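Participant: Below are the chains, spelled out letter by letter.
Protein chains: 2
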Amino acid sequence: MVKEKENLLEKIVSLCKRRGFVFPGSEIYGGLANSWDLGHLGNELFNNIASLWWKKFVQERDDIVGLRGPVIMNPKVWEASGHLQSFTDPLVECKICHERFRQDKDEELKEHAESHKGKAEWTEPKNFNLLFKTYIGPVEDQQHVAYLRGELAQTMFTDFKAILETTRKRLPFGIAQIGKAFRNEITTGNFIFRTKEFTIAELEYFVKPGTEDEHYKNWDKFILKFLIDDLKLAKNKIRSHVHSKEKLAHYSKGTVDLEYEFPFGWGELTGLASRTDFDLKNHEKLSGQNIKYKDSETGEEFLPYVVEPTCGLERLMLAVLINSYEEVEPRSGDEEAVHEKEVVLRLPKALAPIKVAVLPLSRKEELTKPAYEIYRDLQKHFMCQYDETASIGKRYRRQDEIGTPYCVTYDFDSLNDGEVTVRDRDTMKQERVVIGELAEYLLKKL
Amino acid sequence: MVKEKENLLEKIVSLCKRRGFVFPGSEIYGGLANSWDLGHLGNELFNNIASLWWKKFVQERDDIVGLRGPVIMNPKVWEASGHLQSFTDPLVECKICHERFRQDKDEELKEHAESHKGKAEWTEPKNFNLLFKTYIGPVEDQQHVAYLRGELAQTMFTDFKAILETTRKRLPFGIAQIGKAFRNEITTGNFIFRTKEFTIAELEYFVKPGTEDEHYKNWDKFILKFLIDDLKLAKNKIRSHVHSKEKLAHYSKGTVDLEYEFPFGWGELTGLASRTDFDLKNHEKLSGQNIKYKDSETGEEFLPYVVEPTCGLERLMLAVLINSYEEVEPRSGDEEAVHEKEVVLRLPKALAPIKVAVLPLSRKEELTKPAYEIYRDLQKHFMCQYDETASIGKRYRRQDEIGTPYCVTYDFDSLNDGEVTVRDRDTMKQERVVIGELAEYLLKKL
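Listed in order, the protein sequences are those of chains A and B. Count the first sequence with our numbering and you get residues 9 to 454, in order. Count the second sequence with our numbering and you get residues 9 to 454, in order.
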């Protein structure tokens with residue numbers, strides 16, 4: 009069982025590299041500590057997941073507005089948020105070679121000790137801040153230090169009052185943002201699951217103090233619904249993990265993760281934290297500004313409490329890839345594959361990087377020319393591919409492997425009846441459709 | 009004339025802040041050297057510009073594929089690219105107070121000298137690198153230095169071979185990317201025009217050496233077409249600026265910018281550079297990897313030449329805002345505005361942050377309830393707003409000001425005939441549309 013799971017991750021990594029979903033980053037230079045680039049298909053899949061999140065968490069709701077903040081903010085922001093003091097990993101240093109390690113990673117410490125013939129001695133653990141540090145301007149001193157954001161939430165807090173004024177929103181309401189965050193973590197790994205640079209879709213939901221538990225429950229359900237109904241993740245591969253009091257982040261009064269059963273074990277996909285008024289209170293204190301909410305009915309002024317659903321987009325992408333991967337008996341008609349299993353990536357249609365592939369049955373110009381024209385027309389509506397190389401079976405197989413929901417084949421009959429064959433990735437049904445109605449037919453299906 | 013232009017920028021800045029397009033970043037902490045946050049409308053406008061670029065430069069073409077690389081790459085990348093050596097500003101230091109300034113900014117130097125009663129003396133200019141520096145891991149030494157990317161192009165070069173293999177593309181073809189870049193520039197300003205952190209839409213187009221001039225000309229036309237046909241920028245506000253040989257970037261054999269006439273003067277919107285094989289050659293040399301292109305027909309192996317169109321997205325957004333801003337005679341029926349001019353933001357429909365506003369004529373529940381339902385339905389298709397506060401005139405005016413193309417009004421007649429009034433921002437025509445056909449009617453118009 010463990011073996012089979014490991015194989016699954018290997019297969020996904022291999023498919024991702026071979027077909028252009030994910031490449032090792034800076035690979036020609038031997039890579040860079042677990043950094044990955046998204047190739048042409050990975051980039052589309054990623055953007056589709058981000059767009060679907062935005063549609064469900066922002067566009068289709070009337071209590072959420074968007075925001076786009078910078079990676080580098082005023083350093084006081086991270087002082088107020090507590091990240092400069094508390095956003096740390098405890099590290100120990102090897103007294104022989106001065107390399108540093110996470111104190112809580114027994115295996116790594118042991119392995120390193122072995123490299124010194126078991127003799128390694130360790131310093132006392134020291135807290136190491138996880139924010140990446142840089143300097144603004146030409147002078148590298150304490151006065152010009154700045155940090156790359158470790159989470160997106162802080163812009164939502166510092167802009168809270170400005171957004172309140174421009175949107176005229178009333179509690180409860182939320183501010184959403186998608187963007188990159190950076191954490192200088194020592195331990196990364198498991199493909200794109202944990203990297204120092206990653207993308208989060210984050211939402212701060214501002215509520216009346218005392219109502220946070222109710223909203224927390226609602227958001228818990230809402231996120232789960234997104235994973236199951238929209239991303240189509242298997243229900244039995246998802247579980248809740250409630251953080252124990254000791255393990256709560258410095259700003260949280262309660263946190264629950266939704267975890268997915270990856271081939272390497274259960275891993276956090278999304279997090280929901282009850283942040284109270286911790287951040288707003290500290291920003292008010294440090295900035296000296298009044299950022300309270302004023303209830304227009306009662307006239308009461310107070311700092312709202314915050315409930316925060318967060319999704320890691322690269323992780324969602326990995327879960328979606330694993331969840332969609334299926335090996336089936338040969339079905340494409342590719343003669344080279346007749347004794348092998350074939351891969352079908354059953355991506356939700358909304359997420360598929362390529363929506364439609366247009367395939368002329370043969371490379372004869374009488375077929376390729378009109379097929380190419382169909383492709384050019386469909387391309388105005390969604391991402392398409394045109395492929396005239398190799399046998400039709402091989403080309404079907406290629407599209408199955410990247411999860412393309414529909415293949416359109418232009419054959420010799422098409423020349424006479426003006427119809428093409430549309431093949432459905434999942435039902436394997438083939439329908440003849442009039443070319444003039446093709447775009448509309450596909451738009452409806454998608 | 010100058011006064012009028014300055015006023016225009018002031019008006020845009022004020023509108024942006026008041027309505028939630030753009031806020032000063034970290035404002036509660038007194039801001040951070042010319043950093044800006046995009047509010048709920050700015051974020052949508054920005055994303056719409058990015059999507060339109062992607063549609064025109066990637067989706068609708070069959071010779072371009074996308075990519076998503078990281079902000080932090082292997083530092084050798086920047087050694088090979090020449091950025092560590094040549095991506096610099098010459099700075100001089102005031103010998104009295106040690107503050108540093110750009111050597112070529114006479115006015116600032118003069119102003120600073122005045123603060124020392126005209127007595128300032130300057131050091132010899134020293135080159136200051138524009139890449140933001142950080143450290144990977146807990147040790148801050150030369151071995152762990154890394155840089156925030158100063159352009160997106162480098163991922164397209166380091167991944168060139170991998171992308172070639174997975175996409176089976178043949179020359180000429182391009183790789184596109186949208187993302188943030190960081191430049192530690194001393195001089196920023198003019199609202200969102202020049203900031204240290206910004207977003208670029210960049211495309212590396214790989215061509216056979218000897219054909220680069222032809223492709224350069226084609227891309228020059230293509231970008232101009234995008235600005236005029238898609239972003240609808242006024243033709244007479246755009247001009248070409250060919251870089252003189254002395255001012256070319258270290259990698260370029262020729263560069264032409266398209267500039268827009270901003271209220272503060274002509275400013276670069278887009279750049280087109282002929283980068284030759286400068287980057288690929290250097291990456292091949294430093295990495296020791298063969299990253300040559302092999303022509304499948306002739307078997308010939310060579311490094312392609314590169315033509316690079318780049319657009320600054322925040323700048324495009326500023327140009328679009330300025331270009332769309334219009335003051336008209338009162339037309340909304342807002343009684344408070346009857347003696348003033350009214351603002352209409354004539355954004356291209358594809359770019360408008362809010363596509364449709366749904367407005368019940370009065371706050372009576374018999375109108376608000378069905379109007380709200382219409383809004384909830386339309387929301388599944390595009391970004392909408394529902395507004396029942398204030399007079400109908402005032403609400404029309406609010407929507408004109410943020411560029412909403414269509415306002416849907418539910419009135420007392422709607423209760424009987426099941427129709428609503430659709431008001432067109434530009435023609436000011438009002439049409440009655442059956443509620444059941446409203447979504448389709450609007451989707452067609454948009």
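Simulated from the structure, these hints should not be mistaken for lab results. Wrong hints could be hidden among the right ones.
It does not matter which identical chain is used: a pair holds within one copy or between any two.
Taking lysine-lysine and the DSBU-like style, the derived pairs with C-alpha atoms no more than 35 Å apart in a straight line are [as the list claims (entries may be wrong)]:
1) K63 to K125
2) K216 to K25
3) K103 to K300
4) K240 to K452
The model shown is predicted, which means the values in this text are computed figures rather than measured ones.
Participant: Does each hint hold? Answer for all of them.
Facilitator: Going through the hints against the structure:
1. Taking identical chains as interchangeable, the C-alpha atoms of K63 and K125 are never at most 35 Å apart, the minima being 56 Å within one chain and 59 Å between chains.
2. In this assembly of identical chains, the alpha carbons of K216 and K25 lie at most 35 Å apart only when taken from different copies (26 Å versus 48 Å within one copy).
3. Taking CA atoms no more than 35 Å apart as the test, K103 paired with K300 passes in neither setting, with 51 Å inside one copy and 46 Å between copies.
4. With identical chains, the CA atoms of K240 and K452 are at most 35 Å apart both within one copy (20 Å) and between copies (30 Å).
Comparing the model with each earlier hint shows violations of hints 1, 3; every other hint is respected.
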